[in-house]
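Protein chains in written order, with my numbering: chain B, 1 to 429; chain L, 1 to 298; chain G, 1 to 316.
No lab work stands behind these hints: they were computed from the structure.
Here a beta-carbon is modelled for each residue, glycine too, at the ideal position from N, C-alpha and C.
Be a bit skeptical, because a hint or two may be false.
Stated by the list, open to error - Covered by chain G, according to a simulated footprint, are these stretches of chain B (three or more residues, beta-carbon under 8 angstroms): (1) 133-145; (2) 202-208; (3) 386-393.
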Amino acid sequence: MRRRLISVVAAAAGSVLLGGCISDGGGPPESANTSRGAIEVWLSTNPEEVAWGEEVVASWNSKHPSEKVTAQQIPAGKTSEEVIYASIVAGNAPCVVMNTAPSAVPQFQKAGGLVPLDNFPDGNSYVEGRTGTAVADQYKSPDGRFYQIPWKVNPVMIFYNKKLFAQAGLDPVNPPLKTWAEFLQTSRTLVQKKVAHAAIWPAPSSEFFQSWFDFYPLFGARTQQQLVEDGKATFDTPDGVAVGQFWRTMYAEKLAPQEKYNGDSFKDGEAAMAIVGPWAISVYKDAIEWGAVPIPTEDGKPANQVYTFSDEKSLAIYFACEHRLTAWDFVKFATAQDSDGRLLELTGQMPMRENLPGVYAGYFAKNPAYTQFADQAGRIVEVPNVPNSTEIWQTFRNAWTAAVVFDNEPIDKEFADAAARANELLAKG
Amino acid sequence: MSKPTTIPPKAKPTEQQKLTVEPAPRNRLRVLILSIGAIMFIFPFYYMVIGSLQKEADKSFSGVFPHPDNMTVTNYQEINEAIDAPRSLLNSTVFTIGVLLCTVLFGILAGYALAVMHFRGRTTVLSAVLLVLVVPFQLLQIPLYVLIVRAYGLGDTYLGMIIPFAINSTAVFIFRQFFLQLPRELFEAAHIDGASELKTMLRVAIPLARPAILNAVLLTFIGPWNEFLWPFLVTKQQDMQPFAVALANYMNNVAGRATNPDGANMAGGVLLAIPPVVLFLIFQKRFTSTNIGSGVKG
Amino acid sequence: MATVRSAETERTTERDRESAVQPVEKERWLGAQPIGLLFITPYVLFLAAIFVYPLIVQFFISFKDYFFAAPGATVDRPWVGFQNYVDVIQDPTFQRSLFNVFEFMIINVPATVFLSLVLAYALNSKMRGLSFFRGAYYAPYVTASVAIVTVWLFMFGETGLVNTVLGSLAPDPSWLINRYWAMPMIAVFVTWKQLGFFILLYLAALQNVPKERYEAADVDGASTVQKFWSVTVPGVRPATTLVIILATITGMNLFTEPYLLTNGGGPNGASVTPVFYMYQKGVEQGQAGYAAAIGMILLVITLGIALVQRRVLERD
Numbered sequence: 001m002r003r004r005l006i007s008v009v010a011a012a013a014g015s016v017l018l019g020g021c022i023s024d025g026g027g028p029p030e031s032a033n034t035s036r037g038a039i040e041v042w043l044s045t046n047p048e049e050v051a052w053g054e055e056v057v058a059s060w061n062s063k064h065p066s067e068k069v070t071a072q073q074i075p076a077g078k079t080s081e082e083v084i085y086a087s088i089v090a091g092n093a094p095c096v097v098m099n100t101a102p103s104a105v106p107q108f109q110k111a112g113g114l115v116p117l118d119n120f121p122d123g124n125s126y127v128e129g130r131t132g133t134a135v136a137d138q139y140k141s142p143d144g145r146f147y148q149i150p151w152k153v154n155p156v157m158i159f160y161n162k163k164l165f166a167q168a169g170l171d172p173v174n175p176p177l178k179t180w181a182e183f184l185q186t187s188r189t190l191v192q193k194k195v196a197h198a199a200i201w202p203a204p205s206s207e208f209f210q211s212w213f214d215f216y217p218l219f220g221a222r223t224q225q226q227l228v229e230d231g232k233a234t235f236d237t238p239d240g241v242a243v244g245q246f247w248r249t250m251y252a253e254k255l256a257p258q259e260k261y262n263g264d265s266f267k268d269g270e271a272a273m274a275i276v277g278p279w280a281i282s283v284y285k286d287a288i289e290w291g292a293v294p295i296p297t298e299d300g301k302p303a304n305q306v307y308t309f310s311d312e313k314s315l316a317i318y319f320a321c322e323h324r325l326t327a328w329d330f331v332k333f334a335t336a337q338d339s340d341g342r343l344l345e346l347t348g349q350m351p352m353r354e355n356l357p358g359v360y361a362g363y364f365a366k367n368p369a370y371t372q373f374a375d376q377a378g379r380i381v382e383v384p385n386v387p388n389s390t391e392i393w394q395t396f397r398n399a400w401t402a403a404v405v406f407d408n409e410p411i412d413k414e415f416a417d418a419a420a421r422a423n424e425l426l427a428k429g
Numbered sequence: 001m002s003k004p005t006t007i008p009p010k011a012k013p014t015e016q017q018k019l020t021v022e023p024a025p026r027n028r029l030r031v032l033i034l035s036i037g038a039i040m041f042i043f044p045f046y047y048m049v050i051g052s053l054q055k056e057a058d059k060s061f062s063g064v065f066p067h068p069d070n071m072t073v074t075n076y077q078e079i080n081e082a083i084d085a086p087r088s089l090l091n092s093t094v095f096t097i098g099v100l101l102c103t104v105l106f107g108i109l110a111g112y113a114l115a116v117m118h119f120r121g122r123t124t125v126l127s128a129v130l131l132v133l134v135v136p137f138q139l140l141q142i143p144l145y146v147l148i149v150r151a152y153g154l155g156d157t158y159l160g161m162i163i164p165f166a167i168n169s170t171a172v173f174i175f176r177q178f179f180l181q182l183p184r185e186l187f188e189a190a191h192i193d194g195a196s197e198l199k200t201m202l203r204v205a206i207p208l209a210r211p212a213i214l215n216a217v218l219l220t221f222i223g224p225w226n227e228f229l230w231p232f233l234v235t236k237q238q239d240m241q242p243f244a245v246a247l248a249n250y251m252n253n254v255a256g257r258a259t260n261p262d263g264a265n266m267a268g269g270v271l272l273a274i275p276p277v278v279l280f281l282i283f284q285k286r287f288t289s290t291n292i293g294s295g296v297k298g
Numbered sequence: 001m002a003t004v005r006s007a008e009t010e011r012t013t014e015r016d017r018e019s020a021v022q023p024v025e026k027e028r029w030l031g032a033q034p035i036g037l038l039f040i041t042p043y044v045l046f047l048a049a050i051f052v053y054p055l056i057v058q059f060f061i062s063f064k065d066y067f068f069a070a071p072g073a074t075v076d077r078p079w080v081g082f083q084n085y086v087d088v089i090q091d092p093t094f095q096r097s098l099f100n101v102f103e104f105m106i107i108n109v110p111a112t113v114f115l116s117l118v119l120a121y122a123l124n125s126k127m128r129g130l131s132f133f134r135g136a137y138y139a140p141y142v143t144a145s146v147a148i149v150t151v152w153l154f155m156f157g158e159t160g161l162v163n164t165v166l167g168s169l170a171p172d173p174s175w176l177i178n179r180y181w182a183m184p185m186i187a188v189f190v191t192w193k194q195l196g197f198f199i200l201l202y203l204a205a206l207q208n209v210p211k212e213r214y215e216a217a218d219v220d221g222a223s224t225v226q227k228f229w230s231v232t233v234p235g236v237r238p239a240t241t242l243v244i245i246l247a248t249i250t251g252m253n254l255f256t257e258p259y260l261l262t263n264g265g266g267p268n269g270a271s272v273t274p275v276f277y278m279y280q281k282g283v284e285q286g287q288a289g290y291a292a293a294i295g296m297i298l299l300v301i302t303l304g305i306a307l308v309q310r311r312v313l314e315r316d
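The shape of chain B in the complex, shown without the other chains (with noise of 0.2 angstroms):
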């Protein structure tokens, strides 16, 4: 026994040396901050930012042969996150990932993954000249300073699809959807005349994002705050509540189906209504006749009142970056007019630049479907940019599965519970 004893320790203490022994190093040095050289950026896996990611580095590998950019595009996950996450901690993340979601940046910013802009001389001026410092403050730190860039964002409305509501006998031109007991009734004669099998189908899944599609718009729009609001949870309010109360009535009347759709429901013509943002334009031009019109309000506000979830991803520069001079001249000409207004063509999404429809008018002119989600692009909610802000998600995920899309609790008990440890979580810090 004792033999067994000393040879487990010895083992267990040679794989330690075997291990961790190997020293890890640090990370690059401060002149990283000054320095130039070829670079890594990453781009998301959305067709249309890789044809104009492509073009972009292109055109600056054209005019910079010797701060080469090799691009790559971030292989994705159910989220792409952890991938990033995972590059950080290995010490091998790229200089730039073009596509970080604002939801991930305290948790990154922690590990000391992100390189703060005010390393640069104009970091701060260039972010907040750009995007206009009413809509760029969301995207700063608790600590003020800018780890993102924010990039373009994608206001998310409601679609509809003009040919099922023709079908149902429903306006495919004003259609009425601006109060929620409009929106509710339309979606009654949708089902009822069985044009589609839902509604509108966003997932009802448990991952801790989906809430940005479901609960996150309409409270947005009803309220202007965000989930977490001075250091604390805000959807535990009878307006937190009263959404929550909504969609009960959608899925207890079967108006949206409580399984996850294995695809795109509204592409497929399953769901009369999708919420989502520009980007999935590229998706339904072929496939589907679509209008689309702002998140619905309980007493139907105006649409330039209405606010809106931005799905919104920033740019990111990283750690591990060794030529950062390089990255922030990078992304200041990624975030150009030029390309910006490419990004635009290319894509449909909003570039996070102020005045769109003024600076861009010609693209609009061509393209009017788009002038309403560049309107709605300066009225946008952003996801809390606070510590363990994924754990604060999650839980109020699991309390709206539990009480809204399955009605196991009530909403009141379950949104307290939540908002009670995410307020724990918030004084964590």
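Given the coordinates of chain B, work out where chains L and G should sit on it, guided by the hints.
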């Protein structure tokens, strides 16, 4: 120096010799029960193949049967366009063969040593083998990831993919049980003839071990071929990803845009399943030898 | 010869067997055949690097408020002692996850033992189409869950084949989103999928049940069923032990299938498993210390169950 004394021609009777032939009525009942079971078992498979060939997803009962006007190979074509199939299949092959080589080479050594030899620390290693089976990979994943990618710098390499799976402990188990089963006289005879341990193993034990090697290969093959999580973590570059990962990426991200997303997913599933199933069918006759059975004795 | 085992030798432990036949060798410090150390070295190195090291790291992490960070970043990682363990044990999601895997095992383990033995018994005879039958039962085991899950979602989804056939008898909410049916469905899926492997184990064990015993039973006039219970079942007892232990370990460590079939937690956490929760906490939410504590507790529970099973089942 004479060669070791003659090895008994076949250490155990083949399975065919041990099969009983039962009287006709019992046999028919047996066949009936098995058929019902087999149909239930293979039905999802069959449905997967049918679904992968459908133009439009047909979830009704009649969709179970192939309809000539709803059949197409576009699902496969779409996958081919989205994924670099040859490259990812190559990656899968390299990954799998790497694991198989390491497992067979080092596993035999380890199994032989654990079965036949006495040396200090042997029981510790034996307990470790059993402990290994209990630990879930997800527990080891992140420190392992940090170790392999950060400390060793093996991200985006075949070696980085292979290392955590390099030696399959179940295979070590199989080899050990197999060697335990070999009659002692074999080794004694070799020793009497003056052969060293190494020679004994090489000349005597290993030639006999072919059934065990086959078993180990078939069992070990499935792991890396189907493995999704680890290569997914370790590879960032798309051209290094094995087929299982490419397929999962496709299902998660691109499939939603295909004309028949369910069909496309199932086409991917069929593609991934073909090599292991084919391999299994080819070798399954030889698969049920007593090598694994001897493992259950101890 | 060595291949036909009688009832007595079945029961001896391997140590007895080996010491009985191994000639007495010199007691050297490194053992009788030190070259064995050389043979075993690659495997030991592998185990040390791949298993022991990460396990030890996780062990230490579990006592801290740990967070994986970039190399070179300064992150505060305070020591919290047993706080993580206390929190995990009191965590209702973790408790639910343990309940879920136990629910899983209650269905999966007996079904696996029974079905795989019966099927192995049936597949153990000469008949036409044996290859086809064997292939049919092995096929699910050999394919990746990722691939086969789509089919199951297709079949058991709300508008899937099964519900279409069942019509109004279909449960509402449908199978995989039903908090009572979600875990049993996963159990059915995993049982179906893994059965091939266990059939194999039993098939091999059946080869070692001596024909004489069946013949003796025939002489006594036993029916097929009686022969099954009195000859086969006791004859493969060691295999049964292995099957039970392996199926239990698989059940305790369940991750992929709930992840794929129910998008993670299922309705109201009805299909959360400990390993999935560990993944969610560690990878998605970045709380490595908490996740490590989950892992350690799970490990202890699984080992405990496996050891108890071994002791109970191997007793005569």
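Do the hints match the structure? See the list:
1. 133-145: violated (count 0)
2. 202-208: Our answer is that it holds, as 5 residues pass the Cβ test (under 8 angstroms) against chain G, meeting three.
3. 386-393: holds (count 3)
The structure is inconsistent with hint 1 alone, although it conforms to all the rest.
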